[in-house]
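Undergrad: Got chain U; can you put chain P on it based on the hints?
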Amino acid sequence: SQQGEEDPQALSIQEGENATMNCSYKTSINNLQWYRQNSGRGLVHLILIRSNEREKHSGRLRVTLDTSKKSSSLLITASRAADTASYFCATLHLGGSQGNLIFGKGTKLSVKP
Amino acid sequence: DGGITQSPKYLFRKEGQNVTLSCEQNLNHDAMYWYRQDPGQGLRLIYYSQIVNDFQKGDIAEGYSVSREKKESFPLTVTSAQKNPTAFYLCASSIVDSRDEKLFFGSGTQLSVL
Chain U
1 SQQGEEDPQA LSIQEGENAT MNCSYKTSIN NLQWYRQNSG RGLVHLILIR
51 SNEREKHSGR LRVTLDTSKK SSSLLITASR AADTASYFCA TLHLGGSQGN
101 LIFGKGTKLS VKP
Chain P
1 DGGITQSPKY LFRKEGQNVT LSCEQNLNHD AMYWYRQDPG QGLRLIYYSQ
51 IVNDFQKGDI AEGYSVSREK KESFPLTVTS AQKNPTAFYL CASSIVDSRD
101 EKLFFGSGTQ LSVL
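Chains U and P, in that order, are what the protein sequence lines are.
Heads up, the first sequence is in this note's numbering, so the first residue is 1 and it goes up one at a time.
Heads up, the second sequence is in this note's numbering, so the first residue is 1 and it goes up one at a time.
Derived from the structure by calculation, the hints contain no laboratory data.
We put the CB at the ideal spot given by N, CA and C, even for glycine.
Please note: incorrect hints may appear among the correct ones.
[Unchecked claim] Pair ranges (Cβ atoms, derived):
| hint | chain 1 | residue 1 | chain 2 | residue 2 | range |
| --- | --- | --- | --- | --- | --- |
| 1 | P | K14 | U | N18 | 45 to 55 Å |
| 2 | U | N52 | P | S22 | 35 to 45 Å |
| 3 | U | T27 | P | D54 | 25 to 35 Å |
| 4 | U | S68 | P | T20 | 42 to 52 Å |
Just chain U, with the same shape it has in the complex (with noise of 0.2 Å):
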């Protein structure tokens, strides 16, 4: 069963706006990551945030985590048309292995100019 669970499943924005993209997941994790996947393609690693922190940055992205309600969110500022692809994100639960790393279905986000 897979761990992480996005939402929205779909988001459309105007540039300039904020985007804001939420992740649970059912069992104690080590890790959540964040990816983001162009279409037709790989994806690439945005940012990591251990279970024992809180709140993560990285440029204009902003990372938080709350272990007692199992989620986390994805927070994109100021949105480029550049920023349109799916997010996954991806937890590591405890005791596992990069070998367990598991994948939600993803937020599809849409920023129009």
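TA: Relative to chain U, chain P alone:
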């Protein structure tokens, strides 16, 4: 440039045919992975390998086979036993020293059935 190269970009399989997808990396990573992605879905793990000459089944290994004879290479064979092979296949690699390591992905192979 360091990275992961998957080939071919597009592949067509006839009924009863085995096909092999190539994955090569020059990142000096010990671990390599194969994922399957169906439209609108997340990634599902097929096989992974953390060291040469060793590999483990993932969640959906049936109908697939792999080998890891060299650190740089991790080819995936889709056998005739895989009855629904049409999907986007992604290869990835990582180091194994830490559980905080990220995956590096290739650009994928789209497999379709003729």
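Undergrad: Determine for every hint whether it applies to the structure shown.
TA: Against the structure, the hints:
1. Against the hinted window of 45 to 55 Å, the Cβ-Cβ separation of K14 (chain P) and N18 (chain U) comes to about 49 Å, which satisfies the hint.
2. Checked against the hint of 35 to 45 Å, the C-beta distance between N52 (chain U) and S22 (chain P) comes to roughly 39 Å, which is consistent with it.
3. Checked against the hint of 25 to 35 Å, the C-beta distance between T27 (chain U) and D54 (chain P) comes to roughly 27 Å, which is consistent with it.
4. Evaluation of the 42 to 52 Å hint for S68 (chain U) and T20 (chain P) yields a pass: the beta carbon distance comes to about 46 Å.
Figure legend: structure checked against the earlier numbered hints; every hint is met.
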